[in-house]
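A.B. asks: Listed below, chain by chain, are the residues.
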Amino acid sequence: MTQDNSSRTVLVCQGTGCVSSGAVPIYDALEAEIKAAGLDIRMKITGCHGFCQQGPIVIVEPDGIFYSAVKEKDVPEIVESHLKNNTPVERLFYKDPVSGDPVGEYRTIQFYANQERIVLRNCGHINPEVIQDSLDAGIYDGMKKALAEMQPAEVIEAVKRAGLRGRGGAGFPTAVKWGFCAAQKTDQKYMICNADEGDPGAFMDRSILEATPHQVIEGLVIAGYAIGATKGFIYARAEYPLAIKRLEIAIKQAEEMNLLGKNIQGSGFDFELEVFRGAGAFVCGEETALIGSIEGGRGMPRSRPPFPAVQGLWGKPTIINNVKSLSYLGDIITRGPDWFHSIGTEDSPGTAVFALTGKVANCGLIEVPMGTTLRKIIFDIGGGIIGGKKFKAVQTGGPSGGCLPEEFLDTPVDFATLAKAGSIMGSGGMVVVDEETCMVDMARFFLNFTQYESCGKCVPCRMGTRQMQKLLEKICAGEGEPEDITTLEELAVSIKEGSLCGLGQTAPNPVLTTLRYFRHEYEAHVNEKRCPALSCKALLEYEIDQEACKLCGTCKRNCPADAITGNKKKEIPFEIHKDKCIQCGMCYTSCPFDAIVKLSPGIKKEEPEPVAAG
Amino acid sequence: MQERLEKVLGEYGRSPADLIPILQHVQDEFGYLPQETMDGIAAHAGVPKSKVYGVATFYTMFRFEPLGRNHVCVCRGTACHVRGADQILEHVQRHLGIEEGETTEDGEFSLETVACIGCCALAPVMTVNQEVHGRLKPKTATRTLKKYATADKEEGQ
Ligand SMILES: Cc1cc2nc3c(=O)[nH]c(=O)nc-3n(C[C@H](O)[C@H](O)[C@H](O)COP(=O)(O)O)c2cc1C
Ligand code: FES
Chain A
1 MTQDNSSRTV
11 LVCQGTGCVS
21 SGAVPIYDAL
31 EAEIKAAGLD
41 IRMKITGCHG
51 FCQQGPIVIV
61 EPDGIFYSAV
71 KEKDVPEIVE
81 SHLKNNTPVE
91 RLFYKDPVSG
101 DPVGEYRTIQ
111 FYANQERIVL
121 RNCGHINPEV
131 IQDSLDAGIY
141 DGMKKALAEM
151 QPAEVIEAVK
161 RAGLRGRGGA
171 GFPTAVKWGF
181 CAAQKTDQKY
191 MICNADEGDP
201 GAFMDRSILE
211 ATPHQVIEGL
221 VIAGYAIGAT
231 KGFIYARAEY
241 PLAIKRLEIA
251 IKQAEEMNLL
261 GKNIQGSGFD
271 FELEVFRGAG
281 AFVCGEETAL
291 IGSIEGGRGM
301 PRSRPPFPAV
311 QGLWGKPTII
321 NNVKSLSYLG
331 DIITRGPDWF
341 HSIGTEDSPG
351 TAVFALTGKV
361 ANCGLIEVPM
371 GTTLRKIIFD
381 IGGGIIGGKK
391 FKAVQTGGPS
401 GGCLPEEFLD
411 TPVDFATLAK
421 AGSIMGSGGM
431 VVVDEETCMV
441 DMARFFLNFT
451 QYESCGKCVP
461 CRMGTRQMQK
471 LLEKICAGEG
481 EPEDITTLEE
491 LAVSIKEGSL
501 CGLGQTAPNP
511 VLTTLRYFRH
521 EYEAHVNEKR
531 CPALSCKALL
541 EYEIDQEACK
551 LCGTCKRNCP
561 ADAITGNKKK
571 EIPFEIHKDK
581 CIQCGMCYTS
591 CPFDAIVKLS
601 PGIKKEEPEP
611 VAAG
Chain B
1 MQERLEKVLG
11 EYGRSPADLI
21 PILQHVQDEF
31 GYLPQETMDG
41 IAAHAGVPKS
51 KVYGVATFYT
61 MFRFEPLGRN
71 HVCVCRGTAC
81 HVRGADQILE
91 HVQRHLGIEE
101 GETTEDGEFS
111 LETVACIGCC
121 ALAPVMTVNQ
131 EVHGRLKPKT
141 ATRTLKKYAT
151 ADKEEGQ
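If you read the sequences in order, they're chains A and B. So the first sequence is numbered by this note's numbering: it starts at 1 and just counts up by one. So the second sequence is numbered by this note's numbering: it starts at 1 and just counts up by one.
So here's chain B without its partners, still in its complex pose (with noise of 0.2 Å):
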């Protein structure tokens, strides 16, 4: 983990104007923020590890668990809202067993919520491993999660 941490910092500048673009670095090579490379972090950027921490925590971006191997946004923007986009929510939510931010226990599906994605005009909608499926019926919802289910043990096999 240290070597694959020291190649991400080697691109970036020793300043504290690199934190952000630091950390979303870090994340795209783990999936997440480890613990681990706080320290290695704060060091490079030359600040306290509270301000890597503080600054990690305040946007919503950054986690610090793993994601499962599919990741599920459900968008609750306003348009979606008014289009219906809590009974999606819900119908995924108990398809998955899971609340939002859970993943599932056998690290299938991470769920979370955003607040738009942008693709309002075909709402509601939701991504899956950044792909966007719109105009969803909780039905329609649930058959795109299995699709990718099924996807990933094809693929395992």
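In isolation and in its complexed conformation, chain A is listed as follows (with noise of 0.2 Å):
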């Protein structure tokens, strides 16, 4: 593993969670250590490998070292050991969660092997504010050759082919919607990028924008050329500061280079294109929302038909697109159609693109291709639940999308195996959960988001989802009845039938899905008053185990409510009190000894009640 410095680089990601782990200082560091040094190596900053959790992640290439959880005090030890004396840090090696073994490689990582990185290829190894390290990469490649060599109705033809899907949720052919926008004779048609990420859990979009931002211009270019749109927006969430940043610089490097602009590399096809910060608003996510939000006003859907590709922004043709679809389109364009729909199932060709969260071992972003089995993307990939605990379930699609059980779990991911589940592939949350998680709780979670994020203007979804939430809540509190669930049954499908646009449409599957597969756990909290997973504060108990105690006082002065009493010093064992006790669980968090145990015990023998006399 000898190198020589000369064709070393040092890469330092800067995505957002890398910065939040102390990123920034170690790249300031490195450089300067180098320098002292004298050290002829090229440093680099990158975007998102995707990796987060194990941030702030260091990468020398071209040995292929991935250091991860790096700190300043590290830096030294790089610097002298591997960079002089050619002897990776062992020390700073990712642990694979399952063996322990240190991984110093990271193209061995198991959380890097399993995947398939198209999208994501460029994640991580190029510089986002350095356009020449995109076009080093092929960006712009696709979009060169489509402009140069193709006329507009090949390029929908190719994708066609390719049979890309849109990766925001529903999975409509992409070629399909462009055809009819590209129908509509009309002096001016709009481009625009779907940046809003609304989804609680998910963070794919948001990476890639600030990883390889000139990926995403580059595909607006080719769909906008393949629809015959001069004007593109790029519609963004207001919470992704540095994504909006790093776009705002890619579109002036690519103005700069006639990559965008006008007559684009001597094509004639003029392109302008503009960043739209969203205002915070979920259902913005929804197309006709969206361009309502654009043209000033509250961002509501309105109904369908026109559909946006015939009347949509300022009443002009319009195509939306994710962030995902976009990405693949300079390769479907470079490496043809025929290798994209290769990869992947017969129905959803390509890859999926999932950002794997919750109670896994390996959090991140991850790339595989369609038909992947959620096993090998939770448990290859993800290295299985966290603290060898329990699987329970694993959420895809966030609050539009469903909860499903271990007996999905070798069930390939594509956009049908997972409606027919009951579930969407969504835009790729994938949230991981444990035999810690309540599937009642997690279902009135989501139907709290959708309630507060319906934007009110049809009955069903603004009245319906507040009525859901509220049931899902009093079945938490341990007032459920066996009424309530029907009844939940029933407004769910009215809100599914009668809801003006996909949030109240798809607002009911959390609750249809946790009811269809965990019915179990609403009948315990209803007819036992119990929550089977030990998660519902209204049903739940703290003990002191006496025997575990040492006496040390923690849970006592951790307590908010001052209800533990004990003393150590005068041998009065802890007790909690439960008339005092707010189920806040800092006891049970805090104890270093394990000692305090968490029930549901549930109903006990109650008193017949007093007939009423009449």
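The set of hints was computed from the structure by calculation and includes no laboratory data. Just so it is clear, CB atoms sit at the ideal spot from N, CA and C, and this is done for glycine as well. Among the hints, a few may not be true.
[As the list claims (entries may be wrong)] Non-contacting residues of chain B with respect to chain A, defined by C-beta distances greater than 10 Å in every case (computed): (1) 3; (2) 55; (3) 64; (4) 65; (5) 69; (6) 79; (7) 81; (8) 83; (9) 101.
[As the list claims (entries may be wrong)] Okay, derived cross-link-like pairs now, EDC-like style, lysine to aspartate or glutamate, Cα gap no bigger than 20 Å in a straight line: (10) 556(A) <-> 90(B); (11) 51(B) <-> 90(A); (12) 316(A) <-> 18(B); (13) 598(A) <-> 90(B); (14) 537(A) <-> 86(B); (15) 7(B) <-> 29(B); (16) 160(A) <-> 129(A); (17) 137(B) <-> 434(A); (18) 139(B) <-> 562(A); (19) 580(A) <-> 90(B); (20) 245(A) <-> 28(B); (21) 137(B) <-> 594(A).
[Claimed, not checked] Label pairs and their computed distance ranges (CB to CB): (22) 108(B) <-> 187(A): 49 to 59 Å; (23) 467(A) <-> 15(B): 32 to 42 Å; (24) 592(A) <-> 50(B): 43 to 53 Å; (25) 306(A) <-> 107(B): 45 to 55 Å; (26) 36(B) <-> 263(A): 38 to 48 Å; (27) 76(A) <-> 36(B): 21 to 31 Å; (28) 137(A) <-> 48(B): 45 to 55 Å; (29) 48(B) <-> 561(A): 44 to 54 Å; (30) 24(A) <-> 94(B): 23 to 33 Å.
Join the two chains, each given in its own frame, into one complex according to the hints.
C.D. replies: The following block contains the structure:
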């Protein structure tokens, strides 16, 4: 593994995740240390590698060595040992969660080795703020080829042959949508990139925008050319300041190199691009609401038809595509539609990008061929459940999706299989939960979200989600009645059928899937007033296991409600007073000896109710 | 205030389509949307004042009250939820003595919740003044807040 330093590059991730773990001072320290050592080594900042959990991440190329959780004080050792003396610092290697072994080469880390990266290929390897890096990586080649050698109809045909389906959620065939728009004869059309990424628990689009903004811009130009749009927008979520900044830099660079603007590369095609900063409304991810928002109004959906492809922004034909859908386009043109079609399944060609989070050992951004099983994703790439706990369910599709139990682990993931199971592919959020998560609470969580985010325009969604949320809260509080479950089911059907847009139409999915696969948990809450996952506060009790208790007093100090008494010196055993306990769990999480027990005893024998005299 | 407002408005066209960017810029300038700016914005964008309020109240980003010196956002997204965001939020609320949506009496901290910061792999997460803090435990959350409180005081001296 000896390397000549002049060919070496040290890459330091500067994605939002790594920055929050302290990656900026590490870059500065490395730069200073390398200079002080008189070494001739290139340094590069990159966007997200998708493994933020291990951040800050430093990679040394071409050695392919991956350092995780690097601290400033580790920098001299990396420079001295690895860069000067060619001995990588094993102490900073990633540790495999299953075997516990240190793994130095990132290509052999299970998290990466099991992926097939197309959209994410350049993430973490190029400097998003230096356009030359993107050009060297072949970004814009597809666009140049399309503009120079292909007619718009040929571009649409290529995307059709590739079989690309939209990655924003519904999986609508991209070429079909484009075809409608291309057929419209008018003076102006618009091409919009949907970067609103509203699913709370997903960050695929954010990472792509931060790591390879030019890939998205290239896709927008190709799409604009195909449909005949000369003006484009990127609708970006307000909560993503870094992504917005990088996009703005990238647009400026692309304009300077005539990759955007008038007569791009001498092709005669004009395309202007602008970033529109969202202002915080989940429903604006829905395409007609998004259009309303760019027009300067309240982002409320309207009924379709007319579809935006015919009548969209300012009444003009408009196409809206997700960040990931657009990111494939360059490669589909350069490598050909057949290449793309050969990946994945017949029904859903290509790859799927997921933000794998929750209770898995390896959280992060992953890309696998469509048709990969959930087991492979969660256990091989994700490294299984943390803390040796038991897998319970995986949630896909965010607030529009559902929770699938263990029996689906061997299901190959694509648009059709997930839909059949009652969930959806969605934009790529994948949250894994273990035995400690209550599925009724999970449903309540999503209904809280959709209820809050419902724009209020149509009654089934506005009132219906509120009713469902109230019922779920009632059940979680231990006040549920058996008929509440049937009411939930009835409401779900009416909301699905009666709502105006996708938000309402899919809002009941989290409830329906949990009812379908975890009905026993609802019944335990309702009939026995018991939370089997020991999660719903109102149904919990805490006790101290006197044998395990070492009288250290940590629980008492941490209890905000003064509900714990006891004294080490006077040897008074510690005790939790139920009348004062607010079930906050601080004692449980703070006890160094695991001496606090969490219980959900359920109903004890109750006194027969006095019969009211009549 | 009117002068600063004029300067912001001067950068935008006079069409209703500029309303959201104008509101964002006004909020960046003042930290919130002062009531006194509403007439000016409405006149500039050529829309009724009711429309300005309609839009400003629709989006969660806009606020009509100034924030405290430190702006705390606790994430309540799915990934954070299953990793204990509720406990973090409760603990932060108790520590600051305020509920979400409120500002402490000394004007030191404002507390809000957000749907997802996009750092789900580091759950549970909160931001303080847009800086992300991940892998929180109740204790590390309060320790982080204490740092911001003291950092302010040191700067002020
Ligand atoms: C409530 C709601 C929220 C949505 N949020 C998003 C989103 O955040 N990102 C996205 O790309 N699509 C979102 N969609 C889907 C879009 O309406 C649209 O179908 C998609 O952007 C089309 O792009 P595609 O064809 O490339 O998938 C959402 C839909 C609904 C109903
Ligand atoms: S869910 Fe909290 S950052 Fe995404």
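A.B. asks: Compare the structure with each hint and give your call.
C.D. replies: We went through each hint and held it up to the structure:
no. : hint                          : verdict
1   : 3                             : 25 Å, holds
2   : 55                            : 6 Å, violated
3   : 64                            : 14 Å, holds
4   : 65                            : 16 Å, holds
5   : 69                            : 19 Å, holds
6   : 79                            : 4 Å, violated
7   : 81                            : 5 Å, violated
8   : 83                            : 7 Å, violated
9   : 101                           : 13 Å, holds
10  : 556(A) <-> 90(B)              : 18 Å, holds
11  : 51(B) <-> 90(A)               : 61 Å, violated
12  : 316(A) <-> 18(B)              : 18 Å, holds
13  : 598(A) <-> 90(B)              : 19 Å, holds
14  : 537(A) <-> 86(B)              : 11 Å, holds
15  : 7(B) <-> 29(B)                : 10 Å, holds
16  : 160(A) <-> 129(A)             : 32 Å, violated
17  : 137(B) <-> 434(A)             : 19 Å, holds
18  : 139(B) <-> 562(A)             : 18 Å, holds
19  : 580(A) <-> 90(B)              : 17 Å, holds
20  : 245(A) <-> 28(B)              : 15 Å, holds
21  : 137(B) <-> 594(A)             : 17 Å, holds
22  : 108(B) <-> 187(A): 49 to 59 Å : 55 Å, holds
23  : 467(A) <-> 15(B): 32 to 42 Å  : 40 Å, holds
24  : 592(A) <-> 50(B): 43 to 53 Å  : 58 Å, violated
25  : 306(A) <-> 107(B): 45 to 55 Å : 50 Å, holds
26  : 36(B) <-> 263(A): 38 to 48 Å  : 47 Å, holds
27  : 76(A) <-> 36(B): 21 to 31 Å   : 55 Å, violated
28  : 137(A) <-> 48(B): 45 to 55 Å  : 50 Å, holds
29  : 48(B) <-> 561(A): 44 to 54 Å  : 51 Å, holds
30  : 24(A) <-> 94(B): 23 to 33 Å   : 32 Å, holds
Of the numbered hints listed earlier, those contradicted by the structure are 2, 6, 7, 8, 11, 16, 24, 27.
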